[in-house]
Amino acid sequence: MKRQVFVLCLLIALITPSLWLMFKNPLYPSQDGLYHIARISEFDASITNWQIPPRLAPNIENQIGYPLFIANYQLPYYLAEVFTLPTQNSAFAFKAVMSVTFILSAVFAFLLFKNVGSNLASLTGAIFYTYLPYRFANLYDRGSFGESVALMFVPLVLLGLYQVKKNSKHSFILLSVSIFGLITSHTVIFILFAPFFLLYFLLIIKPDTSILKKTIVAVLFAIALSAFQLIPAVFEKRYLTFDQTLLSLYLGHFTNIFQILRIPHPAVNLGTPFQIGASATLVIVLSTIIRSKKNKFEVNFMLAAAIVGLLLSLPISKLLWQNLPVIKYILYPWRFISLTVLASSFLAVFLVDNIRYKKTAAFTLIALTIFVSRHYFLKPIQLVTNPPTANLTTQNENDTIWSNNNTFTQKPLVSSNPNSNIYITRQKPFNVSANIINAQESTITIRKMYFPGWILKVNGQKTAITIENGLITTKLQPGSWHIETYFTESLLRIFSDLLTLFGFIILLALLLKPKLAAKI
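Just remember that the working numbering sits 937 ahead of the position in the sequence shown, which is counted from 1.
Be aware that a few hints might be false.
Simulated crosslink set (DSSO-like; lysine-lysine; CA at most 27 Å straight-line) [said to hold, decoys possible]:
| hint | residue 1 | residue 2 |
| --- | --- | --- |
| 1 | K1150 | K1102 |
| 2 | K1106 | K939 |
| 3 | K1143 | K1051 |
| 4 | K1103 | K1051 |
| 5 | K1365 | K1348 |
| 6 | K1174 | K1231 |
| 7 | K1452 | K1106 |
| 8 | K1394 | K1412 |
| 9 | K1365 | K1412 |
| 10 | K1265 | K1231 |
| 11 | K1450 | K1106 |
| 12 | K1051 | K1233 |
Derived from the structure by calculation, the hints contain no laboratory data.
Generate the whole structure from the sequences, applying the supplied hints.
Below you can see the structure in the form of structure tokens.
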């Protein structure tokens, strides 16, 4: 145990230099960093306005009530809230979550690899998992908040499966929470790794009937915990332009074999982090040569996974992308590099344990991996921070299906056609009321972007909402009126929230009553 603690401390010491940019700069340059920092601010503003869980962004587009968090992941922003509340510094919160989860991804990878290898081999695998170039593509080049956090949960899910097999204390809770964490950190990454998890579970862990039943219950429980985000994202996404704007993105984001394997070739950027790295290439090649009967099947499985990850990121897989609907939700083919990263990390573990000179092999692989990735955290190629758009999306994917260019034009919070006397009595991000006196029939427009959940009351009575240019409108006959509109959870979201709430109540009961958890 003491030796394992020492190795973990050594691992953290080796990982810390990779966070140099986090410590050096107030904000390092990235493609999406400012987007996420602004979203953290919007998420915090939603919570302080008592919209929990957040669905609408309260401030962007002049407080139009943009549905930013309906189909978006939420857990990374909740983690950021832990740092935002005491500091009121969204940039610090962003860097803190990215740093902590990056270190924890290494720790969880080490604990996972301990199930298949020695301390030294597991240390090597954990260094691989954190130092391979694609991890820095997420951490620095892209500043991909959700994906970077999600990759912390990937080894934790596999660790949970091993703990269930061993019938360890709290194994059910560990597996459920890790799957919940992966789903709510980045649902797309969960979809990407789900086939790998299933095959690993069936072919490598080889569960008996009791373990299989326990695992199925844990997965269903994790889905229940994730319901507050998952169900609206699936069933209310149809009210957004998400599918219309994003599902063809894959066409422009394939890698090429020279880039991904870092092979010199004209017009290929060898400095990009969207590659597997020289050390991963070396390990994959050596794993096809150096074999051991002890884990031959596991090595072959990981080699297959690594190759599948590579192929799905290359244009050769375009036919599959065109004809398999679910894969289009991955959006970017190069995301499959993360599968190759995980598989090659496993291969590094097996390779070290299968080589006679283990210490020399481990030291060489660790040193090589850190050395060839050094410029990704010391001198990254992303030199400019991309400014965020007004709605904090890159493709306007969270615009509602009722919106158009007129939706976002400047206009009063409450307006009338023809003109009426309007007196605003309440002006909150998710609650607006006004007194209106009109001499003739008028169309009243409230500058709030309609999404299911908005309620309109006229003189205290619920009134049907008319959607015009994506905004909330209603007609009023001549007279004196009091109108109020406010946003609440739809019936679907109420069901989802209650499912999550009941799930966490059960989770708390299992934590307080370990004997109850042991019976599952």
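Each hint tested on the structure:
{"no.": "1", "hint": "K1150 / K1102", "in the structure": "holds (11 Å)"}
{"no.": "2", "hint": "K1106 / K939", "in the structure": "holds (21 Å)"}
{"no.": "3", "hint": "K1143 / K1051", "in the structure": "holds (18 Å)"}
{"no.": "4", "hint": "K1103 / K1051", "in the structure": "holds (14 Å)"}
{"no.": "5", "hint": "K1365 / K1348", "in the structure": "holds (17 Å)"}
{"no.": "6", "hint": "K1174 / K1231", "in the structure": "violated (48 Å)"}
{"no.": "7", "hint": "K1452 / K1106", "in the structure": "holds (9 Å)"}
{"no.": "8", "hint": "K1394 / K1412", "in the structure": "holds (12 Å)"}
{"no.": "9", "hint": "K1365 / K1412", "in the structure": "holds (22 Å)"}
{"no.": "10", "hint": "K1265 / K1231", "in the structure": "violated (38 Å)"}
{"no.": "11", "hint": "K1450 / K1106", "in the structure": "holds (11 Å)"}
{"no.": "12", "hint": "K1051 / K1233", "in the structure": "holds (18 Å)"}
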